[in-house]
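> Given chain L's structure and the hints, the job is docking chains W and A onto it.
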Amino acid sequence: MQPSSRHFPENARRALADDRLRAMLDKSASGFRLRRRMAADRLPEFEALRDRGRDIKDHTLAHLDLYLERFEAQVRAAGGTVHWCADAAGARDAILAICRAAGAKTVTKGKSMIAEEIAINDHLEAHGLVPVETDLGEYIVQLRKEPPSHIIAPAFHVSKEQVAESFRAAHTALDPARPLDEPSALLAEARAMLRRRFHEADVGITGANLLIAETGQTVIVTNEGNGDLTQTLPPVHIVLASIEKVVPTPEDAATVLRLLARSATGQEFSAYTTFSAGPRRAADPDGPRAFHVVLLDNGRSALMDTEFREVLRCIRCGACMNHCPVYGAVGGHAYGWVYPGPLGAVLDPALIGLAEAKHLPNASTFCGRCEEVCPMRIPLPAMMRHWRRREAEQGLQPAVTRRGLALWAWFARRPALYHAAARLAARLLRRLARRSGTLAMLPGAGGWTRHRDLPAPEGRTFRELWAERRTGDGP
Amino acid sequence: MPAVGLFVTCLVDLFRPTVGFAAVRLLEDAGCTVAVPDGQTCCGQPAHNAGERGTARDLARRTIALFEGFDAVVVPSGSCAGMIRVHYPELLADDPEWAPRARRLAARTHELVSYLTDVLGVAAVTARHDGAVTYHDSCSGLRELGIREQPRRLLASVAGLELREMADTGACCGFGGTFCVKYPDISDRMVADKAAAIAATGADTVLAGDLGCLLNIAGKLSRDGSPIAVRHVAEVLSGLAGGTPPIGART
Amino acid sequence: MSGSRERILGGLRRRLGQPGGDDARRDAVERRLADHPRNPVPARALVPEPERVALFVAMATEAAATVERLPDTAAVADAVADLLASRNLPAAVRTAPDPLLAAVPWHTRPALTVSRGPAGDDDPVSVTGAFAGIAETGTLMLVSGPEHPTTLNFLPDTHIVVLPRRRIVATYEDAWDLLRRRSDAGGSWIPRTVNLVTGPSRTGDIEQTIQLGAHGPRSLHILLVEDADTASAAG
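Protein sequences, first through last, are from chains L, W and A.
Using my numbering, the letters of the first sequence map in sequence onto residues 14 to 488.
Using my numbering, the letters of the second sequence map in sequence onto residues 3 to 253.
Using my numbering, the letters of the third sequence map in sequence onto residues 875 to 1109.
Honestly, I wouldn't trust all of these hints.
Stated by the list, open to error - Quick list of in silico lysine to aspartate or glutamate cross-link-like pairs, EDC-like style, CA-CA up to 20 Å: (1) Lys40(L) x Glu164(W); (2) Lys184(W) x Glu369(L); (3) Lys40(L) x Asp170(W).
Because the hints were derived from the structure by calculation, they are not lab data.
Note that the coordinates shown come from a computational prediction; the quantities given were computed from them, not determined experimentally.
Just chain L, with the same shape it has in the complex:
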């Protein structure tokens, strides 16, 4: 998708003015938070598993080249093919080539953020193929011609009334008299419609939550079962995955999977966790005839020797966004690219460039909730700070910020002047406030006073009053 991250402030303002969006965000995020808490509290080993999950991914990342080689060898041994793609264009070309070789017209898709990252749907459509999203949330946003607003709940922002509108517009055979007020009616409609699509499809594309080096298995986790129908019914199955998804063994996958559902939806385990190795075997009565893994780098290997390496531990559970007050205020679309929330604030600048995405790591209070809940213990706030440092080093900050900071720093290095300025400000602001105790307006402080008053200082500084009371301070 075309990024609009540089317009984050305007995107955010639009989102904040949308009352319907606000209602959806409040409801959805609070439910996710509550269920995660309950699931974590119920498992005494949860914190120990987080430590181990982090260690597994750190070990794997440190040996990623070797594990990827093993993974590839195992996929080939199972009769599959691995396609290495350095960038989004390479992955798009690889997928299109596979589809064309299969003579494909219709492509069903399981949920994949990598597919969003490489904008595969647009590419397939431009070449005459019909991609059909089969995850219910993805299907809804596809009909609405929107990107997903959340990595595990793509239609996080959509109300059931809006879903009904989209179905009525898209499903032309739908009887206008049929009520679609209830989620159950909407689900029944989508299920019937998509069942046909599963059977028509020539190619099924899924993502991968994990890749397993020892076995060459790709792993998807779903609740709907759409991923399984996507990969079992068509003759060709394409797995689209980024390189950092690999873990060494099924035992390591078990640890990560214990963390994933609990962190994401608060479930003990998702309904369907599927491990796939290669195409249909000789005696198999069903399953795809061909199995392809499209392995995407797209800037990830370049993070290996940077302070952002640890973001590659991410297992895409979405807990950071569910707990982020900024995401909770503006929703996923405001971020302007595939990965919203704290994860996006760290990953997006790496993938689409700091110039485009510089607002994202800045739009954080560093409240720390994301790091507190991240199952992989990724230090997200520290990484956002690293991006701010790079922004400063590259001179990407607005001039007014740069000059303001420089002026403040000049004073802060000179205690006498710093205190004099504080004394002056304390008096001045007190006088301006008169007896009201607050200032409703202050030149140059519009960012503060647009929505808040500024409480006035007491009038004299602590240091001033302290000096009057005592002398001879020192250790």
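Chains W and A alone, transformed into the frame defined by chain L:
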């Protein structure tokens, strides 16, 4: 008798000297001798969070040199205390001379209420405060320093005080240093949610341990015309609340 | 394509590799893959057999599966026929060609139509075996192969699974161990598809309201058989 260096913080110095005096009283009541070293300015957090590591390091070195002679450094702010305790050692990690000094100072630096309870073992205060209060957990204090039960323990010992917890006490108020002026609309949504949670408790006063959050919350409540009083927790614990109007109140 | 492979792996090696050579890294990887060590597992599953079975039943039930306990495989035919009747479902099942199910006396319920093979959309009910039950989350491990077409797990509205009690293990790791030990004429122990199934299909994608039966089965019914011939599962 521990010799305590009080790191006042910029906001307390400029906006709310009462908090500084409240800290001094609480520390002295607990048997400390308190000094306020001249030459202290800012801990450097604004520079650190803006990615200006050079400036942040300079200010860190200044602060370390100024405070390393004390038995303890006490800060009436979880955010500034967190800067010294957590971020100084990482900022100066590559500096062979300053890294050990940063680590030593970090180990001896404490947020005020945490110092009173966790280090000095203070279990009760003698203050009185008649009314219902609610307590906002500031992000850095809560998540960087693990301060949650300590202020509640001391508040429970204040005569006449009833604590009414708000929903999601640890939700960020939307201050975030320069965040609140860089993204004022998002910050407003956050502080509006916080103000609503505060009002829903029916408490007459909201307390917190960080002046940044308090100015933000007081400014929002004032703009909304709310009568809820806003104070630093140290004001109530020290018994100094009676002598000074709440933050942003009419005088 | 091969250019990309070298670019990616070369870039990784440049950033990760050790100046003195990569022998130590290679050894670490080989050891880890050969040993496939276990990580911590939830203590709640590490209990004696009766409690383990009870945990499986409780967790599967919590995940909205239904569990019915049967004395032996012979009871499966009645249980299936009665379930279909009680739910007003058509008296037809599509079954897996699983030796475990070969012992089921379907002929005692002549009104029931029984066919074998992969599922299509016309099959409202499937009956399959299970490779293992995993107590910690009430999860079934279903393994693809000639004896277990994968479509049976997903296309029918109702999926009935026959699970011998002896196949209930504590953790995912235990289930993988069973699979690793399974002798396989082809040499590799790795099946084409391993489905871990925990309850019926569901979605929360409309206003985060959980609804059952999104794309897969609306109903998952587990027949937990006390004394079953485990020939199929032990294979």
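> Has the given pair, Lys184(W) with Glu369(L), been kept, meaning a C-alpha gap of at most 20 Å?
17 Å, holds
> Could you grab the alpha-carbon distance between Lys40(L) and Asp170(W) and see if it respects the 20 Å cut-off?
15 Å, holds
> Assess, step by step, whether the Cα of Lys40(L) is no farther than 20 Å from the Cα of Glu164(W), and give holds or violated.
31 Å, violated
Checked against the numbered hints above, the structure breaks only hint 1 and satisfies the rest.
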